[in-house]
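Student: Protein chains in written order, with numbering that gives the first Met the number 0: chain A, 0 to 128; chain B, 0 to 447; chain C, 0 to 486.
Wrong hints could be hidden among the right ones.
Claimed, not checked - Lysine-lysine pairs mimicking BS3-like chemistry, simulated, CA-CA at most 30 Å apart: (1) K151(B) x K11(C); (2) K170(B) x K156(C); (3) K11(C) x K348(B); (4) K127(A) x K11(C); (5) K151(B) x K52(A).
Since the hints were derived computationally from the structure, they do not count as laboratory data. This structure is a prediction, so every number in the text was calculated from the model and none was measured.
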Amino acid sequence: MNVPTQLKYTSNDEWIKIDGNIGTVGITDYAQEQLSDIVFVEVVVSVDDEVSKGDSCATVESVKAAADVYMPVSGTVIAVNEDLPGTPELINSDAFGAAWMVRVKLSNPSELAGLLDAAGYQKHIEEKG
Amino acid sequence: MFIPHTDAEREAMLRRTGKASLEDLFHDVPAEHRFPQLNLPPGLTEMEAVAELQGLAWGNESTRDLVSFLGAGAYNHYIPAAVDFILRRGEFYTAYTPYQPEISQGTLQAIFEYQSLIAALTGMEVCNASHYDGATAVAEAVNMAYANFRGKRSKVLLSPALHPQSIETVKTYTTGSNIALTACEMDPLSEPKALLPLIDNQTALVVVQYPDFFGRIFDYKALAEAAHQAGALFSVAVNPIALGLLTPPGEFGADIVTGEGQPLGIPLSYGGPYLGLFATKTEFVRKMAGRLVGETVDNRGQRAYVLTLTAREQHIRREKATSNICTNQGLMALASTVYLSLLGKHGLKQVAELCYHKAHYAARQIAEVKGFQVLTAQPFFNEFVVKCPKPVEEINADLLEYGILGGYDLGEAFGPAMANYMLVAVTEMNSSEEIETLAEVLAEVTHD
Amino acid sequence: MTEPQLYELSVKDRQGVRFPAPDVPRAALPENFLRNDLPLPELSEVDVIRHFTRLSQLNYGIDLGFYPLGSCTMKYNPKVNEETCRLPGFAFVHPLQPVETVQGSLAIMYTLQEWLKEIGGFAGITLQPAAGAHGELTGVMIIRAYHRWRADTKRDKILIPDSAHGTNPATSAMIGMRVVEIKSDVRGNIDLDMLRAECDETLAGIMFTNPNTLGLFDEHVQEVIQIVHQAGGLVYGDGANLNALLGIARPGDLGFDVMHYNLHKTFSTPHGGGGPGSGPVGVAAHLVDFLPAPVVGIIEEGDEETPPLFGYITPSKSIGRVKAFNGHFGMFVRAYTYILMHGAGGLRKISEYAVLNANYLLARLKDTYHLPYDRTCMHEFVLEGRWDEAPEIHALDIAKRLMDYKFHPPTNYFPLIVHEALMIEPTETESLQTLDAFADALIKIAQEAHENPELLKTAPHDTPVGRLDEIKAAKELVLCCGVGTIS
Numbered sequence: 000m001n002v003p004t005q006l007k008y009t010s011n012d013e014w015i016k017i018d019g020n021i022g023t024v025g026i027t028d029y030a031q032e033q034l035s036d037i038v039f040v041e042v043v044v045s046v047d048d049e050v051s052k053g054d055s056c057a058t059v060e061s062v063k064a065a066a067d068v069y070m071p072v073s074g075t076v077i078a079v080n081e082d083l084p085g086t087p088e089l090i091n092s093d094a095f096g097a098a099w100m101v102r103v104k105l106s107n108p109s110e111l112a113g114l115l116d117a118a119g120y121q122k123h124i125e126e127k128g
Numbered sequence: 000m001f002i003p004h005t006d007a008e009r010e011a012m013l014r015r016t017g018k019a020s021l022e023d024l025f026h027d028v029p030a031e032h033r034f035p036q037l038n039l040p041p042g043l044t045e046m047e048a049v050a051e052l053q054g055l056a057w058g059n060e061s062t063r064d065l066v067s068f069l070g071a072g073a074y075n076h077y078i079p080a081a082v083d084f085i086l087r088r089g090e091f092y093t094a095y096t097p098y099q100p101e102i103s104q105g106t107l108q109a110i111f112e113y114q115s116l117i118a119a120l121t122g123m124e125v126c127n128a129s130h131y132d133g134a135t136a137v138a139e140a141v142n143m144a145y146a147n148f149r150g151k152r153s154k155v156l157l158s159p160a161l162h163p164q165s166i167e168t169v170k171t172y173t174t175g176s177n178i179a180l181t182a183c184e185m186d187p188l189s190e191p192k193a194l195l196p197l198i199d200n201q202t203a204l205v206v207v208q209y210p211d212f213f214g215r216i217f218d219y220k221a222l223a224e225a226a227h228q229a230g231a232l233f234s235v236a237v238n239p240i241a242l243g244l245l246t247p248p249g250e251f252g253a254d255i256v257t258g259e260g261q262p263l264g265i266p267l268s269y270g271g272p273y274l275g276l277f278a279t280k281t282e283f284v285r286k287m288a289g290r291l292v293g294e295t296v297d298n299r300g301q302r303a304y305v306l307t308l309t310a311r312e313q314h315i316r317r318e319k320a321t322s323n324i325c326t327n328q329g330l331m332a333l334a335s336t337v338y339l340s341l342l343g344k345h346g347l348k349q350v351a352e353l354c355y356h357k358a359h360y361a362a363r364q365i366a367e368v369k370g371f372q373v374l375t376a377q378p379f380f381n382e383f384v385v386k387c388p389k390p391v392e393e394i395n396a397d398l399l400e401y402g403i404l405g406g407y408d409l410g411e412a413f414g415p416a417m418a419n420y421m422l423v424a425v426t427e428m429n430s431s432e433e434i435e436t437l438a439e440v441l442a443e444v445t446h447d
Numbered sequence: 000m001t002e003p004q005l006y007e008l009s010v011k012d013r014q015g016v017r018f019p020a021p022d023v024p025r026a027a028l029p030e031n032f033l034r035n036d037l038p039l040p041e042l043s044e045v046d047v048i049r050h051f052t053r054l055s056q057l058n059y060g061i062d063l064g065f066y067p068l069g070s071c072t073m074k075y076n077p078k079v080n081e082e083t084c085r086l087p088g089f090a091f092v093h094p095l096q097p098v099e100t101v102q103g104s105l106a107i108m109y110t111l112q113e114w115l116k117e118i119g120g121f122a123g124i125t126l127q128p129a130a131g132a133h134g135e136l137t138g139v140m141i142i143r144a145y146h147r148w149r150a151d152t153k154r155d156k157i158l159i160p161d162s163a164h165g166t167n168p169a170t171s172a173m174i175g176m177r178v179v180e181i182k183s184d185v186r187g188n189i190d191l192d193m194l195r196a197e198c199d200e201t202l203a204g205i206m207f208t209n210p211n212t213l214g215l216f217d218e219h220v221q222e223v224i225q226i227v228h229q230a231g232g233l234v235y236g237d238g239a240n241l242n243a244l245l246g247i248a249r250p251g252d253l254g255f256d257v258m259h260y261n262l263h264k265t266f267s268t269p270h271g272g273g274g275p276g277s278g279p280v281g282v283a284a285h286l287v288d289f290l291p292a293p294v295v296g297i298i299e300e301g302d303e304e305t306p307p308l309f310g311y312i313t314p315s316k317s318i319g320r321v322k323a324f325n326g327h328f329g330m331f332v333r334a335y336t337y338i339l340m341h342g343a344g345g346l347r348k349i350s351e352y353a354v355l356n357a358n359y360l361l362a363r364l365k366d367t368y369h370l371p372y373d374r375t376c377m378h379e380f381v382l383e384g385r386w387d388e389a390p391e392i393h394a395l396d397i398a399k400r401l402m403d404y405k406f407h408p409p410t411n412y413f414p415l416i417v418h419e420a421l422m423i424e425p426t427e428t429e430s431l432q433t434l435d436a437f438a439d440a441l442i443k444i445a446q447e448a449h450e451n452p453e454l455l456k457t458a459p460h461d462t463p464v465g466r467l468d469e470i471k472a473a474k475e476l477v478l479c480c481g482v483g484t485i486s
């Protein structure tokens, strides 16, 4: 199971990559494995939207399940992945890279402290069984 | 009764389960409430039950006994014999929802064809496997529009000329939500242009009926454009028989089309089960509630059908689903598919034209009767409003003496102000003699 | 093997059913409103009959064989029901006819109301909801209306067990209630500690299926109801599993405040390939005034000479109408016929044998399949469709292989709290021979899973079509026959 060490995670299987004050968000390899073949993804926020931690930012659908993706942090949306809706299978093949969903400028960096690190997330998915 | 077990078999089975008697199976049920004596009449044999039901059926006067001019959302159309033959096939009617597609291709292809025919009829791109009826389909359209705007727009314009029971149903469904219903409190005979000033950037949906509850045909293009200009969606509730003749809503700007499918080969059956039509544009397909059948291939390379986009539905999304709907009106959708197949392109147009011409003939005949006034400022399909010289309730009671089921008493829906207004419906089942007799009898019962 | 689509069978200028020319003068058609083209197929009647007959032969139904779908109650659909609902006096009556002309239909509805109330132990009932989920919506709306009428507006929380059918949370969310999940304990009962913790002044009620989707009768049912009532909440019963309780226990007696019935499950009305159903909702005395309008009642009392006059009554605090017209009358006639033929003794026998059949199958299978809850079951039970020693085999593969043995598979993947669930409900109309054949097949499949798993992974083999590409169906949406501008 791929759990890159430089990222932070949530217990709802989102990851966030931090570069200075910018956060890039997606869902984890574990999440895509649980969902299996993804057929549809919709990013529901737009550039310049103000989002809060916990807001729904995307929906992901496979044949047998659907899941909401929630913002791990608050901020202003500066980019959304335009390529993703056309190729939802990217989430299965490259969950941490090409299948990023939303990029935000953080408004409250202290929220990062509440997220899981790689070891914490690894433990979380092992407990889920 | 339908339980096959012999006493010997029961005893053998009890032994295998380790229970001494049938009662022992229910030890988890609290003792003080176990095995209540139900106060029901003793069971009858099939022969006796049929006799009793036949007696009750004779307690009704049906549209087979009476000449009917009653419509108002349910219509007396001719159902070809072949429809029921297909519905009675056990492979169709004793099957369940096609969750195991490998042994449900009959149901799945039939629904796929239903979706196709209704999409073609309404001029829309996609159609679901049906809702419960026309009224709940309108409520689902309201839900869908609200979800589409993620709660940012909460105003819904419901034309006051929608079927009053559709409006009531939407009101029940939207109780306690943020959705603000407007326009439905206006004068029911208002024209569509009265809705224009109410459309704004808070509007999620504008809903009209075509033909409307009073049988009137309006041009809704301007209203559709105004809705779209304001960023709102536009939904049209239809009578599917009328679409055998009239321009379909897909061609004048509808984003959603709903309808009551009962006229398509489904008997009146005292109100149900009926058929909720629901169609929309491809861009909204994921927002649409209800089942969907899609085409695909199997592992042998054959074309086949399967329930698709099921991740939207309640059994997967649970509390995140936009609707809780589980069943569709499966067998009724099949009935409508068989009906439309039997009539086809030419037959449906024939039925629509017969309804149109006979209704217009009836309107002219009734207009000649002293004291009666037919309200026909607008083109109409097969229903029209008649202003009567005395309350409709009295006239209808008199008509029954002559074996005629009169039109709908609009006072029932709209209060005493419309107690003298009757909504008359005419279908292909009404002969010219019946229409002429209606006019004669109306004259007879009001000539004093 | 595949049947062509209607449009592929269509030939220009064919017409199946014809109609006469108008016997009235033609009126001018409304020029601006005429459609240019009506893209429907053109078929002869023989084409239509053959097409749909062939399609039907690709289907499996109860009339062909065993259909043990858990919580669906796929019992035999009596043919006499199909005759009685089609009696012209019932089939051709318009819903808006004056009540004096439809006393037969109203008598059926009134009596069915009385019988269902008696069976469920309720004081009031509506026949209006079109299906189970529709009944749930109605019931939860009644609960909400009741609290609002008491001016207790903080109550927006609905508790739902983790074993619940998806319609339960969907229904609650649909009307804006907050859903909180309650876990089941190791015996499959509602976890009482968790329940107590959630009972506060925001509690509107609980949606409780009993017996639950594990087929288990909650061993603390009275306590659950008491705890919720004490906190000021109401108890909604999902009556999907009523087939275990006819003449055995009345939910109303146990304390349920409101419950929906599924006429298409317990009362034998046919499933129709997905519908129509019918979901009447029974209520306790304090909720009678909130029922959807209208309800059938006696509007003029009768005497020795004359029968009572039946008509419609609007309850004083009604939540309003939940659909047009009166409900699925065609289903009422079928359910009425069914209850009429069974009587109290017959109904009890239904539940006794439904539960006996389930326990028998459980006894035959528990050594071959893992049984997560080893208790006496009610009318259904859940097995795990997996073995540690056969890790590639999932419940889905077992289900697909069952089709090769000419059985419809049980419900898969539900309830969610059991891994690889197989929910089996035989119903009372299945014979010992059928049950033994089914158990033998499942035991054989278990053996195949260990010795020759490929047989399961590639199943079904003997069906009209094999496993379908569901991913393609979702990604490349084709929802209509290809015909001109329709895609």
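Student: Confirm or reject each hint.
Tutor: How the hints compare with the structure:
no.: 1; hint: K151(B) x K11(C); verdict: violated (49 Å)
no.: 2; hint: K170(B) x K156(C); verdict: holds (22 Å)
no.: 3; hint: K11(C) x K348(B); verdict: holds (15 Å)
no.: 4; hint: K127(A) x K11(C); verdict: violated (61 Å)
no.: 5; hint: K151(B) x K52(A); verdict: holds (19 Å)
Checked against the numbered hints listed earlier, the structure breaks hints 1 and 4; every other hint is satisfied.
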